[in-house]
Each structure stands twice: as C-alpha cells, then as structure tokens.
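S.K.: Each chain, written out:
Protein chains: 2
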Amino acid sequence: MGVSFTAYILDVLTDSVYPARITVEDGVFKEITPISVCEDTVIDVEGLMLPGFIDAHIHVESSMLTPAQFAKVAVRHGTTSVICDPHEIANVCGIEGIEFMIDNASSVPFNFYFSAPSCVPATLFETSGACLDSSDIEFLLKKDEVVALGEMMNFPSVLNGDVEVIRKLELARLYGKPIDGHAPLLSGKELDKYLEQCIVTDHECTTFTEAIEKKQKGMKIMVRDGSSAKNMEALFDFTQRITYLKNQDSFGIIPTEVLERRIHSPIFDFIVTDDKNSKDLIKGHLNKSIKKAAEMEIDIIKAIEMVTINPATHYGLDAGVIVTGAKADYIIIDNLKDFNILKTYISGKCVFDGKNVLFDAPQIKAKNTIKTTKKNPEDFEIYYEGEECEVNTIECFNTELLTQKTTAKLKCKNGKIQSDTNQDILKIAVVERYGQNQIANAFIKGFGLKKGAIASSIAHDSHNIIVIGHNAEMMAQAVNKIIDNKGGIAVASENFKDSLPLPIAGLMSNEDAHTVASKLEILQKMSSALGCKIDNPFMTMAFMALLVIPSLKISDKGLFDCDAFEFIDVIKN
Amino acid sequence: MGVSFTAYILDVLTDSVYPARITVEDGVFKEITPISVCEDTVIDVEGLMLPGFIDAHIHVESSMLTPAQFAKVAVRHGTTSVICDPHEIANVCGIEGIEFMIDNASSVPFNFYFSAPSCVPATLFETSGACLDSSDIEFLLKKDEVVALGEMMNFPSVLNGDVEVIRKLELARLYGKPIDGHAPLLSGKELDKYLEQCIVTDHECTTFTEAIEKKQKGMKIMVRDGSSAKNMEALFDFTQRITYLKNQDSFGIIPTEVLERRIHSPIFDFIVTDDKNSKDLIKGHLNKSIKKAAEMEIDIIKAIEMVTINPATHYGLDAGVIVTGAKADYIIIDNLKDFNILKTYISGKCVFDGKNVLFDAPQIKAKNTIKTTKKNPEDFEIYYEGEECEVNTIECFNTELLTQKTTAKLKCKNGKIQSDTNQDILKIAVVERYGQNQIANAFIKGFGLKKGAIASSIAHDSHNIIVIGHNAEMMAQAVNKIIDNKGGIAVASENFKDSLPLPIAGLMSNEDAHTVASKLEILQKMSSALGCKIDNPFMTMAFMALLVIPSLKISDKGLFDCDAFEFIDVIKN
Numbered sequence: 001m002g003v004s005f006t007a008y009i010l011d012v013l014t015d016s017v018y019p020a021r022i023t024v025e026d027g028v029f030k031e032i033t034p035i036s037v038c039e040d041t042v043i044d045v046e047g048l049m050l051p052g053f054i055d056a057h058i059h060v061e062s063s064m065l066t067p068a069q070f071a072k073v074a075v076r077h078g079t080t081s082v083i084c085d086p087h088e089i090a091n092v093c094g095i096e097g098i099e100f101m102i103d104n105a106s107s108v109p110f111n112f113y114f115s116a117p118s119c120v121p122a123t124l125f126e127t128s129g130a131c132l133d134s135s136d137i138e139f140l141l142k143k144d145e146v147v148a149l150g151e152m153m154n155f156p157s158v159l160n161g162d163v164e165v166i167r168k169l170e171l172a173r174l175y176g177k178p179i180d181g182h183a184p185l186l187s188g189k190e191l192d193k194y195l196e197q198c199i200v201t202d203h204e205c206t207t208f209t210e211a212i213e214k215k216q217k218g219m220k221i222m223v224r225d226g227s228s229a230k231n232m233e234a235l236f237d238f239t240q241r242i243t244y245l246k247n248q249d250s251f252g253i254i255p256t257e258v259l260e261r262r263i264h265s266p267i268f269d270f271i272v273t274d275d276k277n278s279k280d281l282i283k284g285h286l287n288k289s290i291k292k293a294a295e296m297e298i299d300i301i302k303a304i305e306m307v308t309i310n311p312a313t314h315y316g317l318d319a320g321v322i323v324t325g326a327k328a329d330y331i332i333i334d335n336l337k338d339f340n341i342l343k344t345y346i347s348g349k350c351v352f353d354g355k356n357v358l359f360d361a362p363q364i365k366a367k368n369t370i371k372t373t374k375k376n377p378e379d380f381e382i383y384y385e386g387e388e389c390e391v392n393t394i395e396c397f398n399t400e401l402l403t404q405k406t407t408a409k410l411k412c413k414n415g416k417i418q419s420d421t422n423q424d425i426l427k428i429a430v431v432e433r434y435g436q437n438q439i440a441n442a443f444i445k446g447f448g449l450k451k452g453a454i455a456s457s458i459a460h461d462s463h464n465i466i467v468i469g470h471n472a473e474m475m476a477q478a479v480n481k482i483i484d485n486k487g488g489i490a491v492a493s494e495n496f497k498d499s500l501p502l503p504i505a506g507l508m509s510n511e512d513a514h515t516v517a518s519k520l521e522i523l524q525k526m527s528s529a530l531g532c533k534i535d536n537p538f539m540t541m542a543f544m545a546l547l548v549i550p551s552l553k554i555s556d557k558g559l560f561d562c563d564a565f566e567f568i569d570v571i572k573n
Numbered sequence: 001m002g003v004s005f006t007a008y009i010l011d012v013l014t015d016s017v018y019p020a021r022i023t024v025e026d027g028v029f030k031e032i033t034p035i036s037v038c039e040d041t042v043i044d045v046e047g048l049m050l051p052g053f054i055d056a057h058i059h060v061e062s063s064m065l066t067p068a069q070f071a072k073v074a075v076r077h078g079t080t081s082v083i084c085d086p087h088e089i090a091n092v093c094g095i096e097g098i099e100f101m102i103d104n105a106s107s108v109p110f111n112f113y114f115s116a117p118s119c120v121p122a123t124l125f126e127t128s129g130a131c132l133d134s135s136d137i138e139f140l141l142k143k144d145e146v147v148a149l150g151e152m153m154n155f156p157s158v159l160n161g162d163v164e165v166i167r168k169l170e171l172a173r174l175y176g177k178p179i180d181g182h183a184p185l186l187s188g189k190e191l192d193k194y195l196e197q198c199i200v201t202d203h204e205c206t207t208f209t210e211a212i213e214k215k216q217k218g219m220k221i222m223v224r225d226g227s228s229a230k231n232m233e234a235l236f237d238f239t240q241r242i243t244y245l246k247n248q249d250s251f252g253i254i255p256t257e258v259l260e261r262r263i264h265s266p267i268f269d270f271i272v273t274d275d276k277n278s279k280d281l282i283k284g285h286l287n288k289s290i291k292k293a294a295e296m297e298i299d300i301i302k303a304i305e306m307v308t309i310n311p312a313t314h315y316g317l318d319a320g321v322i323v324t325g326a327k328a329d330y331i332i333i334d335n336l337k338d339f340n341i342l343k344t345y346i347s348g349k350c351v352f353d354g355k356n357v358l359f360d361a362p363q364i365k366a367k368n369t370i371k372t373t374k375k376n377p378e379d380f381e382i383y384y385e386g387e388e389c390e391v392n393t394i395e396c397f398n399t400e401l402l403t404q405k406t407t408a409k410l411k412c413k414n415g416k417i418q419s420d421t422n423q424d425i426l427k428i429a430v431v432e433r434y435g436q437n438q439i440a441n442a443f444i445k446g447f448g449l450k451k452g453a454i455a456s457s458i459a460h461d462s463h464n465i466i467v468i469g470h471n472a473e474m475m476a477q478a479v480n481k482i483i484d485n486k487g488g489i490a491v492a493s494e495n496f497k498d499s500l501p502l503p504i505a506g507l508m509s510n511e512d513a514h515t516v517a518s519k520l521e522i523l524q525k526m527s528s529a530l531g532c533k534i535d536n537p538f539m540t541m542a543f544m545a546l547l548v549i550p551s552l553k554i555s556d557k558g559l560f561d562c563d564a565f566e567f568i569d570v571i572k573n
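Those sequence lines, one after another, are chains A and B. Just so we're aligned: 385 in my numbering is position 385 of the first sequence, and the numbers increase by one with no gaps anywhere. Just so we're aligned: 299 in my numbering is position 299 of the second sequence, and the numbers increase by one with no gaps anywhere.
To be clear, the hints were calculated from the coordinates, so they are not data collected in a lab. No experiment lies behind these values; they were computed from the predicted model shown. Keep in mind that the hints are not guaranteed to be accurate.
One copy or any two copies: either way a pair holds, since identical chains are not told apart in the list.
[To be verified] With a straight-line cut-off of 20 Å between C-alpha atoms, the simulated SDA-like cross-links for lysine to any residue are:
1) K365 <-> E473
2) K142 <-> G176
3) K292 <-> D280
4) K355 <-> L174
Could you build all of it, start to finish, from the sequences and the hints given here?
M.R.: Laid out in structure tokens, this is it:
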C-alpha cells in the first residue's frame with residue numbers, strides 16, 4: 001500500500017508551484033492530483049517539495065569517500081543522484097576499480113550513475129595502474145549504470161584523429177550515450193573540430209566569454225562549483241551578464257524590455273561540482289550552489305532546474321521531476337530563501353529525516369594497491385659532484401594547477417643536492433607504486449615548508465605516491481607511512497607524524513565524511529605548522545603530477561616539460 | 001568553395017543576437033565566427049538571420065497540395081522543415097501512399113520528416129483503403145525519414161491494453177523514436193495511464209487548464225494554430241496566464257518579482273498547425289503564428305524557439321539552430337516587429353529570394369484511387385411507405401466537429417423521404433470508394449443548402465465520398481463529377497457546376513497553392529449562393545464521417561451513434 005499526503009510541489013516543468021495530493025507506492029509517484037486551497041485546507045507537508053538534486057559531473061574519489069559514504073553526506077544536502085566519472089580509480093585499478101564503485105554504490109539507497117572514463121591513462125609519460133582501451137570502453141558502455149562517455153580530456157588526439165580515441169567516441173554514439181567534454185580554452189576552429197564528434201557538454205569554462213562561445217556552438221555548459229575550481233563566480237557574474245546584454249542592446253534588434261528580463265537567466269545548463277572534498281561536502285553540496293546562484297541574481301527556479309530536470313533530460317535519467325510514474329526521489333525544503341533541506345526521500349523512502357541519515361555504508365575490505373617496497377632516505381637524493389648546482393625547478397602557486405618552469409642554484413653536501421628554505425626550494429619526488437619500484441626526484445618552489453615532508457597517494461592522474469619535503473629522511477618516513485597504510489596522506493617531521501589512511505585504491509577512506517574531513521584538517525594544520533604557504537597543500541601537490549597542465553610537472557619517470565611535451569633533466573648541464 | 005558573409009544571428013541557444021562572419025560550404029555552416037561591430041563595420045546581410053522554422057505536426061494532405069507544392073508555399077513563410085503525419089493518404093493507400101509522400105517530398109529542396117501513422121483505420125465501422133498493423137509500423141519506423149510514431153488517437157485502446165496498439169508503442173520505443181500523442185480532454189488517472197506508454201506530445205489541448213495539467217505530468221505541449229483548430233488563443237491567453245500567476249502568488253512561495261517575469265513565458269513547447277488549408281497557407285504559416293504569439297505578450301524569441309530549437313531537439317533533427325556543422329537552413333527577416341520573411345535558404349541554397357520560389361514541383365501522374373461505378377439518383381434515396389416519417393438526424397454546427405443527435409419528421413413522395421429546407425434538413429450520403437460499391441444515406445441539419453449538392457472525396461478518416469444535398473439528382477451529379485475527376489470536391493446545382501479535381505489519392509491536387517486556394521474559394525462561394533450557412537462547408541462535411549468524434553456521424557456502412565459506438569437506423573421504429 002502507498003502513502004498519501006498533500007504538499008506544495010515546485011514544478012520544474014512549468015516553473016511554478018502548485019498544491020497537490022501525492023500518492024507514493026512501490027517507490028514511484030503513483031498519483032499526483034492538484035488540489036485547490038481554501039481557508040481550511042490542510043497541507044500535510046510543511047515546506048516545499050522539490051525533485052532531488054542531481055550532480056551531473058563529479059569524481060566521487062575526490063571526496064576520499066567511498067560512494068556509499070559519499071551518499072550518506074550528499075543526502076543531507078538534498079542530492080539524490082550523481083553521475084560520477086570513476087576516472088581516478090580507473091587509473092589505479094581499471095575495470096575492476098569501476099566495478100567496485102558500481103558495486104559499492106548499489107549498497108545504498110542513492111542513485112549513482114556512471115560515465116565510462118575516456119582517458120585512462122592521461123599520458124604515456126607516466127606509469128599508471130591501468131589502461132582502458134576502446135574494447136574496455138565498449139564493455140562499460142553496455143552497462144545500464146553507465147549513462148555517458150566520460151569527459152574527453154584528450155582533445156589534441158580528437159583533433160589529430162587518433163584511431164583509438166575516435167573509436168571510443170564512435171562507440172558512445174553507437175550505444176546512444178552522450179559524450180561529456182573537457183576542453184579548457186578550446187576555441188574557434190579547433191573547438192568546431194572537437195564538436196564534430198558530438199561531444200556535447202563542457203565543465204571547464206572559466207570565463208563568461210568562453211562559456212558563451214561554447215554555448216553558441218551548441219554545447220551544454222556545466223557551471224562548476226567545486227572545491228578547487230569555482231567557475232560560478234565568472235559564469236554567473238552579474239556585471240558580465242549586464243555587459244553582455246548591454247552589448248545586445250546596442251544592436252537594437254531585441255527590445256530593451258525583453259533584454260531586461262534576461263538579467264536573471266542563467267543562460268547555461270547545469271551546475272556540477274566536478275571535485276568536492278569532504279571538508280566542503282559536509283558543509284553543503286548543490287543546495288549551497290543554488291543559494292549562491294540566487295545571490296548572484298539568477299532566478300532560483302532556473303538554478304534548481306540546472307540540477308534537476310536539465311541533467312535528467314540530457315542523460316535520460318528517471319529523476320529530476322515530480323510527475324506520476326516517475327521514481328519518487330524528492331526533498332522537502334523550508335522555503336526558497338533560506339533553502340534548508342528538511343528531508344530527503346529516495347524511491348519514496350526517507351533517507352534523511354532532518355537530523356539523521358537513515359542508512360549505513362558498508363565497511364570495505366580493500367586489497368592493497370600500493371605495490372612498492374619501503375623506501376630509504378637515499379632513494380630521495382639527487383647526487384652531484386661539486387659545491388653548487390643549477391637545477392630546473394617547478395614553481396607552483398597557491399590555488400593554481402598551472403606551474404612555471406624556473407631555475408635555482410642549490411648547494412651540495414656529501415655529493416647530495418640540498419633543499420634551500422631561504423629560496424623556498426624543496427625536494428619533490430614521485431614514487432611509482434604499481435610494482436616497478438622507480439622514483440623520480442626534482443625540486444619545487446612555492447610550498448614554503450621549513451622542515452618535514454608531506455606525501456600522498458593521490459597524484460593525478462596515475463596516482464603514484466607524491467612527496468614534497470625539506471629532506472630525504474622525512475620524505476622517506478612520510479612515504480613509508482603511506483605504504484604501511486596501503487595508501488593515504490601523511491605528514492612527517494622531527495616532532496610529529498600523522499596520516500589519513502586511504503586503503504581503497506590509495507584514494508578513498510573507509511570512514512565517514514566527518515572523520516575524513518577532520519583528519520584532513522589536522523594534516524593541513526600540521527603542514528602549516530611546518531611552514532606550508534599553500535591553502536590546500538595535498539590538493540595542490542596532487543596536481544604537480546598532472547602532465548597535461550603546463551608548464552613543468554613531474555611523473556614517476558622524471559621531470560616533465562609540459563610545453564615541449566618531453567622529459568628534461570633536473571640538473572642544468 | 002563556400003560562401004562567406006556577415007550577419008546578425010538570432011541565437012536560440014542563448015536567447016540573444018550576435019554579429020558573426022558565416023561561411024557556408026557543402027550545405028552546412030562551415031564556420032561561424034562572432035565579430036565585433038564598430039562604426040565602420042559592414043554587415044552584409046540586411047535584416048536578421050534566424051534558423052528556418054519547423055512545423056512539428058502537420059498533415060500536409062489538408063492543404064490539398066502535394067508535399068512538393070506545399071514546400072513551394074511554405075518556404076515563402078520561412079518554414080524549412082515539417083514533420084508530417086501522412087495519416088490521410090495512409091487511410092487511402094496504406095504504405096504505398098506514405099512512400100509516395102516520401103518520394104514526392106524528396107523531389108524538392110525542403111526538409112520533410114514523417115511520423116508513422118499509428119491509427120489506420122480510425123475505426124472498424126467504415127471501409128478504408130488500408131490497414132496499418134504493427135508490422136507495417138515497424139517497416140516505417142526503420143526508415144530514416146520517419147522520426148516518430150504518429151499521434152496515438154486511439155486512447156481507449158491504449159487504456160484497455162489492446163495488443164496491436166501496445167505493440168506499436170513498444171516498437172516506437174524499441175526504435176528510439178518518440179511517440180506523439182492525441183488525447184483531447186484526457187485527464188487524471190486515465191491520462192496517467194496513457195502516459196505510462198511514454199507518449200510525450202499532445203496537440204489537442206483546447207484550454208489553458210488542460211494544457212497545464214498535461215505539461216505538469218511531463219507532456220510536451222504543441223500549441224496548435226491551424227485552419228480549423230486555433231488553440232493559441234486559449235493557451236497563450238494573457239488573462240489566463242495572469243490568473244495562473246496570481247494564484248501562484250497567493251501561495252507566497254515564489255517571489256512576486258519572479259512571477260512577474262513569467263508573464264511573458266509561453267510555458268508550452270511547440271507551435272504547430274496540424275491542419276492548414278491552402279487558402280490560409282498562402283497568407284502565412286508559422287511566421288504568422290509567431291507574430292500572433294508576440295501580440296499575445298509572449299516573448300518573441302521564446303516563440304521562435306517553439307518552432308526551431310525545441311522541436312529540433314525533441315525529434316533529433318539536424319535543424320532549428322545556427323551552429324557550425326549544422327545544416328545551413330536559415331532565413332532572413334526584416335526585424336522582430338514586422339517579421340517579414342525576406343529570404344529562405346535550405347542547405348545553404350536560396351529557395352526563396354523574397355519574390356520567387358527558386359525550385360519547381362514535379363507533376364504527378366497519379367493512379368485512380370476512386371474505385372466505384374457512376375451513381376444514379378436512386379442510389380441516394382431512402383424509401384418509406386407512408387406520408388410522413390420520423391428520422392434520426394445529424395445536427396451539425398458551424399466551426400465544430402462535434403454533432404448532436406436529433407430527430408425530424410419528413411414528408412415522403414413516391415415512397416422516397418424528402419429533404420425539407422424549411423426545417424433545414426438535407427440528405428447526406430457516404431459513397432464507398434474502395435470497390436465495394438455501397439452507399440449509406442441519412443439526414444443532416446444545419447448546413448442550410450436550399451438547392452443543389454456539395455460532395456468531396458475528403459471525408460475523415462477513410463476518405464470515402466461524402467455528399468450533402470437537397471435532392472438525389474444533384475447529389476448523383478456531384479458525386480459523379482468527383483468520380484470523373486478521380487477525386488476532389490464538387491458543387492452541383494441546376495444553374496451551375498464546378499469542381500476541384502484532387503486526383504492524387506482523392507486528397508491532393510497537382511496544382512499549386514494559389515490555384516487550389518482560388519478554386520476552393522469559388523466552390524465555397526457557390527455553396528453560399530446555394531444557401532449554405534457553414535463557413536468552411538467542405539471541411540465541416542469531411543468531419544461528418546469521423547466516427548470517433550461524438551455524437552452522430554455517418555460512414556459508408558450506415559448512420560453511427562458515436563456515444564453508444566454502434567450503428568442506428570435512419571428511420572425511427
């Protein structure tokens with residue numbers, strides 16, 4: 001038997017609100033009958049009923065939580081569905097990792113959809129745990145849970161017509177699954193060529209102008225509001241929107257009063273997070289983004305549609321709308337202004353009652369994916385015969401993924417090149433962790449550590465172990481702690497040591513969001529205590545291994561010049 | 001080599017206008033580059049560039065023109081694509097008729113898409129020329145030109161789970177082609193059940209309330225602006241929209257200023273014509289509807305989107321948008337206020353230069369589909385022994401498809417029941433024309449003819465020959481003229497005779513829109529001269545044979561009580 005109640009429904013199909021009697025049975029909306037409200041009408045539900053929110057592009061691994069633990073925190077914020085691209089675990093464990101994600105996701109009452117990671121590994125200049133070729137992609141696209149081909153980051157290969165890349169795109173079209181894009185700053189004729197492949201979405205727009213060009217060329221724009229990349233500020237910027245409309249006005253084609261109504265239009269299609277760490281996630285998810293959009297003078301109902309009906313329609317999900325016959329995923333909020341999530345329902349069942357989440361996440365017995373031997377301090381030394389040496393150095397900047405290529409003159413002691421805290425030059429290394437036991441060492445400027453070392457098994461995209469430190473001894477200690485923990489994050493100094501184990505693929509914890517967030521907080525404070533000047537040192541460090549973003553990076557195979565796309569020596573002649 | 005020019009583009013993706021350099025090559029937009037406009041910038045195209053318009057639901061046969069002749073007049077009004085449901089010819093000629101439409105359509109530079117007619121024949125209580133079963137539907141759905149399953153009018157069978165009907169719906173889903181609906185006044189639980197079959201569109205809404213219910217249940221609403229049904233007045237009605245918003249306001253959930261912006265929202269999805277006769281068609285098509293919508297305070301750009309990007313997205317057409325890589329179907333208008341179509345381009349080629357249409361329609365050598373022998377006046381008599389007789393009578397009303405069941409007392413002469421102009425009771429007959437040579441005779445009230453007869457081989461949906469007249473002699477003359485003409489419309493009286501031959505399936509002419517329209521005009525004037533009180537006598541007469549619309553109708557098999565869904569005798573007792 002179903003349950004029946006009256007409520008005000010926010011209808012994303014007509015941009016309106018109406019009171020209705022709703023019957024939910026077998027997890028679906030069995031009947032929705034509009035009612036008229038007079039003085040003595042009792043509306044059972046206090047607040048407003050909305051479809052549950054959908055994050056159309058997220059890498060769940062970035063939260064360091066298992067899908068099940070992620071779901072536990074997401075439902076608190078009104079999220080009922082996500083399309084996750086298991087790109088990170090795919091780089092570590094391939095198909096097996098993706099199947100773990102699907103399996104773990106199915107253990108909780110939450111809608112996890114997946115995209116097939118299209119670019120594993122990111123480059124051939126690093127050792128990754130897996131490679132997904134077109135036959136793997138076909139295997140994934142056949143799965144019901146897989147609703148899209150994941151972000152096609154490898155746009156140079158799309159433009160060059162690389163056979164395997166083109167085959168993956170063809171397969172997505174063949175299986176009728178939309179293709180997600182990822183093409184930062186791609187423009188003009190190159191963008192046209194990229195779009196010939198029916199790549200439809202983009203979540204990498206960082207300027208209003210970039211987003212408008214892509215939108216005008218037919219892309220659906222995902223406005224990203226994540227932990228690292230926050231593009232809502234640019235894409236919803238009031239001044240830019242006004243300027244854009246003023247420019248329209250000067251053509252004299254669209255009547256001014258029509259343009260004035262456009263001021264509150266979001267113009268773009270979805271709001272997504274892409275990456276959201278646990279610290280941010282416990283504070284909010286798309287609910288926070290909607291509120292922020294409204295503060296930026298976006299029509300709040302249009303903002304809600306960007307995380308409900310819009311993604312549901314694009315990806316063909318049974319979600320995002322309250323209609324008879326649809327899956328009964330819905331939330332109750334207090335009102336459109338305060339926007340507090342009072343309750344969350346999935347398939348008609350309450351999963352968050354305003355206080356507690358009403359399901360559990362299973363503990364995972366993960367197998368060890370850190371296949372490397374313990375390290376000695378010597379493994380982190382660079383040897384040089386002489387008193388002083390000039391080295392190519394990565395220069396990094398707070399909150400940026402881009403680095404610069406610089407040089408530094410460093411002293412040598414006992415044949416080993418020393419770090420130099422006066423110049424803020426530290427040692428950096430990537431420790432291969434898939435069984436080949438190689439280490440690449442180099443130098444980095446900008447992290448600010450005065451002593452100790454920080455290390456992590458999260459290092460995009462191949463997730464070898466990355467470590468930055470003042471000296472080899474502490475670097476070895478930090479890395480060995482991670483090896484002991486079967487993955488994770490570690491801080492080591494003469495005075496203190498601590499770590500967050502991430503035993504699941506070296507990417508995810510078995511703990512809940514609060515535990516992970518508070519441990520991460522402690523580790524960040526320790527890094528600061530060691531002198532670190534970077535706001536999110538582990539995240540920034542993780543991107544020092546991402547070779548596709550300029551200018552100088554490091555993989556387990558060596559120091560890499562991203563502009564020339566080739567390895568370079570650490571020591572200059 | 002392509003052509004290159006500058007123009008202001010109305011961009012339906014961002015609801016905006018921008019100046020750009022456009023290169024068209026091989027029929028597609030090869031490159032579109034936004035340009036900045038300063039004082040000395042020359043914009044080559046005077047006026048505004050829009051995507052060509054799409055009529056997402058039309059029965060081309062209603063224009064009495066071949067697809068090719070239809071295209072010739074449609075391009076004058078900025079239409080570049082139609083989705084036509086060849087339901088009429090399918091009732092006459094089955095698959096062969098649909099293939100003729102597809103073939104004829106391909107002879108002109110115009111985008112004809114088709115839906116597979118789902119309900120042929122309309123009922124089993126009439127003789128039709130064909131029956132399309134589920135295997136025929138599958139044959140059609142496999143064709144590239146067929147983009148949807150045509151309007152599912154047989155909603156009682158959908159609700160009852162009729163095996164063949166359900167199979168047709170399953171096939172559409174299997175082939176991934178959207179299903180068009182047709183469910184006038186269907187509401188509540190019955191509507192819910194109809195929608196379970198993934199029937200998505202409806203073009204039959206006659207009231208704002210009906211349309212809102214269907215929209216809230218997830219249907220896409222086609223606002224119909226045709227020759228007979230004109231629903232724009234109700235669905236875009238300013239007062240009703242305001243009332244709807246005021247009602248919203250009383251809930252106090254959506255801020256008033258947000259509601260105020262909604263005043264100009266069309267709420268619904270597409271504008272279509274369904275049926276458009278030649279007389280109307282030569283005056284305008286969707287261009288006229290857009291202008292009318294704007295006069296009803298609908299945001300004109302949103303109205304344009306209802307006939308461009310919206311239908312293109314829903315049916316997956318390469319149309320409706322000006323983006324790189326898309327088919328170069330576009331039009332030039334003078335401005336958004338006057339909305340005159342200056343030029344029309346299809347696949348980059350000019351097909352209407354503001355004065356002339358730049359392609360020809362082929363002459364069709366149609367085979368005769370009127371398979372019946374010449375009639376004698378006696379065939380149109382109803383015999384009765386007695387002086388006076390009470391008969392069941394169809395009562396019809398101007399501009400309505402609905403009829404009422406009434407009775408009349410009529411005099412008899414030489415054993416034949418006579419019409420009675422004092423009571424406005426005329427004779428009506430349906431002459432079977434598929435080779436079985438049967439005739440059904442009855443009486444009709446409301447047409448007003450004082451003498452003569454009018455006849456037509458357009459009689460929904462089976463298109464037997466229908467005739468209304470003062471006496472049997474004139475009825476026979478009118479019907480025989482149609483038989484001579486291999487189909488068409490005819491007027492016969494003691495003083496004058498004239499006809500419009502429709503030799504193609506008895507539905508379409510070989511002539512152009514102007515010729516057909518002016519001949520139709522003459523025949524209507526003749527009918528008026530004979531006393532006819534009905535505005536569009538041939539159209540109204542055509543619906544007297546449509547058994548699915550209440551209350552009393554006539555097929556070639558007899559007088560039909562649509563409410564009881566059974567035949568009744570003409571003579572009472």
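S.K.: Within a copy, between copies, both or neither: which one fits K142 and G176 at a CA-CA cutoff of 20 Å?
M.R.: both (10 Å within a copy, 16 Å between copies)
S.K.: Reference check for the pair K365 and E473, CA-CA at most 20 Å: within, between, both, or neither?
M.R.: Neither: 32 Å inside a chain and 94 Å across chains, both beyond 20 Å.
S.K.: Evaluate K292 and D280 at a C-alpha cut-off of 20 Å and name the case that applies: within, between, both or neither.
M.R.: within (14 Å within a copy, 50 Å between copies)
S.K.: Should K355 paired with L174 be assigned to within, between, both, or neither, using CA atoms and 20 Å as the limit?
M.R.: Answer is neither: 45 Å inside a copy and 44 Å across each miss the 20 Å cutoff.
Comparing the model with each numbered hint stated earlier shows that hints 1 and 4 do not hold.
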